[in-house]
Amino acid sequence: MLLFIINKEKNAMGLISNTKWVGFSQGFKIIVQLLNIVVLARMIPPQEYGLMAMALVVVNLATLVRDLGTSAAIIQRKELQDKTINAVFWLNIFMGLGVCLVVVLISPVVSSFFNQDKLVLILCLLSLSFPLGSSSAAHLALLERQSQFKKVAFIEITSSLFSFVVAVTLAVMGYGVMSLVAQVIVLNLMSTIQLWLASSWRPSFAHIWDKAELKSIFGFSANLTAFNFINYFSRNADSMIIGHYFSSLILGAYSLAYRIMLFPLQSLTFVASRALFPVLSRYQDEPEKIREVYYNVLYYILLLVVPLMMGIAILSKEFVLIVFGDKWAMTATILVWLAPTAIIQSILSTSGTLFMSKGRTDTLMILGVLGALLQVSAFMIGSRYDIVTFSQLYFIANILNFIPVIVCVRSLIGFSVVAFFKRILPILVSGALMVGGVYWVKTALSHSLTTEWVLAISILCGMASYTVAILLIDKTLRTTLTGVVRRKKKALI
Numbered sequence: 001m002l003l004f005i006i007n008k009e010k011n012a013m014g015l016i017s018n019t020k021w022v023g024f025s026q027g028f029k030i031i032v033q034l035l036n037i038v039v040l041a042r043m044i045p046p047q048e049y050g051l052m053a054m055a056l057v058v059v060n061l062a063t064l065v066r067d068l069g070t071s072a073a074i075i076q077r078k079e080l081q082d083k084t085i086n087a088v089f090w091l092n093i094f095m096g097l098g099v100c101l102v103v104v105l106i107s108p109v110v111s112s113f114f115n116q117d118k119l120v121l122i123l124c125l126l127s128l129s130f131p132l133g134s135s136s137a138a139h140l141a142l143l144e145r146q147s148q149f150k151k152v153a154f155i156e157i158t159s160s161l162f163s164f165v166v167a168v169t170l171a172v173m174g175y176g177v178m179s180l181v182a183q184v185i186v187l188n189l190m191s192t193i194q195l196w197l198a199s200s201w202r203p204s205f206a207h208i209w210d211k212a213e214l215k216s217i218f219g220f221s222a223n224l225t226a227f228n229f230i231n232y233f234s235r236n237a238d239s240m241i242i243g244h245y246f247s248s249l250i251l252g253a254y255s256l257a258y259r260i261m262l263f264p265l266q267s268l269t270f271v272a273s274r275a276l277f278p279v280l281s282r283y284q285d286e287p288e289k290i291r292e293v294y295y296n297v298l299y300y301i302l303l304l305v306v307p308l309m310m311g312i313a314i315l316s317k318e319f320v321l322i323v324f325g326d327k328w329a330m331t332a333t334i335l336v337w338l339a340p341t342a343i344i345q346s347i348l349s350t351s352g353t354l355f356m357s358k359g360r361t362d363t364l365m366i367l368g369v370l371g372a373l374l375q376v377s378a379f380m381i382g383s384r385y386d387i388v389t390f391s392q393l394y395f396i397a398n399i400l401n402f403i404p405v406i407v408c409v410r411s412l413i414g415f416s417v418v419a420f421f422k423r424i425l426p427i428l429v430s431g432a433l434m435v436g437g438v439y440w441v442k443t444a445l446s447h448s449l450t451t452e453w454v455l456a457i458s459i460l461c462g463m464a465s466y467t468v469a470i471l472l473i474d475k476t477l478r479t480t481l482t483g484v485v486r487r488k489k490k491a492l493i
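Residue numbers for the sequence shown follow my numbering, so the first one is 1 and each next one is one higher.
Note that these hints are calculated values from the structure, not bench results. Watch out, some of these pointers could steer you wrong.
To be verified - Pairs of lysine to aspartate or glutamate, DMTMM-like flavour, derived with a Cα cap of 25 Å:
| no. | residue 1 | residue 2 |
| --- | --- | --- |
| 1 | K327 | E452 |
| 2 | K442 | E318 |
| 3 | K150 | D82 |
| 4 | K475 | E288 |
| 5 | K317 | D386 |
| 6 | K215 | D82 |
| 7 | K358 | E288 |
| 8 | K289 | D362 |
What the hints assert, rightly or not - DEER-style ranges, computed between Cβ atoms:
| no. | residue 1 | residue 2 | range |
| --- | --- | --- | --- |
| 9 | Y385 | V407 | 26 to 34 Å |
| 10 | L471 | D82 | 47 to 55 Å |
| 11 | M380 | V102 | 22 to 30 Å |
Don't be surprised by glycine CBs; every beta carbon is placed ideally from N, CA and C.
When you get a sec, could you build the whole thing from the sequences and use the hints?
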């Protein structure tokens, strides 16, 4: 019994430590990305951003080819041999080099598809990120498996900061979209060098292609890889379709709105998923424990994401005008629909961690196919109209995709949909009250104050109204916060 309690406390401390360092790293990267978006958006016009978004349709494959899902298999395995890591490393190397070559060869075709001659050079330069990223994937997986998130945090922070400085310097010198290209290459180069220095593991030239080892992990990683590729196409189909049917100007405006939408996913969902995966993998045979952790994680993610995204939606015009300037006005109309989409995606994104920790990547792949079909269908229909309708249909597709995902989660861990919605109902009600209050304040002040003052006062009123509402409505949250305050007081005595 005592041993059980000790192990339980160690696992809890591991999760807290993982979350702390992943959260610290991701928080710093979010700050850098905020500065990156605001500073570079004022230096680089929407058309140039659109060019980069077109190129990233292809280059985002670097994240997938970086490890083909095999890094997740390294983390998830209970017992791990050196020859398995070696086989994974060399597979990633070959795939990274192969995809680099393919991107260079197809760059003229991509350029023709988007009708942008500049894309050939941009893609050839960005293709360097493929072998760079794939050469350090195994090292990163080993550090995460060992819960060395402090080291990973340092690497990610320094790489993000240095690449940001390079991008801003080049943008000031007038290099335009090339400053964004350099940022991607420098980020991958810095990360790779530091990961090799941080990890003691080194590859061996013996058994470069170990069929037995690769076959043993493909049961896990093959489905995960298929899901990642499907997820890639569903997440990048919008850029492909907008770039082809609309223009680089519209794609630039949409791309900025999409990056703003990704902030809660990157800052909260990503942190939770990354820190939870190695811990939940240890609880594979304890559905009650997984269910408890999953409930709590979703609640606290939504506690922050709902007011943030609802606030951005209602204040999108003022926010974009003040932060980015008049040339990004189109982004504001797109944000009205992408912001609430982020709320749904914050729930959907965390589900992947559950399926991976339970080894059910087959279900994850099926859900990925369904989600991709819904989103691509919405994009194709939206391409016949305008960018606002396009964004509205994207929102609807996410609502429809939410249903089968929750059904599968319920089947996997005994997830109670009714209990979950009862738990988050105070958040939704508080968010709705906040939106009503902010809209009233914004309307009342818009004729007598400048846009800057309207935005500032509306944000303060929104924060105050949401905080008061959630504390009055949610008894469980009040009890939790009261307990935290009491423990803090006792610690100070």
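Notebook entry, point to check: Among the hints numbered above, which are violated by the structure, and what are their numbers in rising order?
Noted result: Failing hints: none at all.
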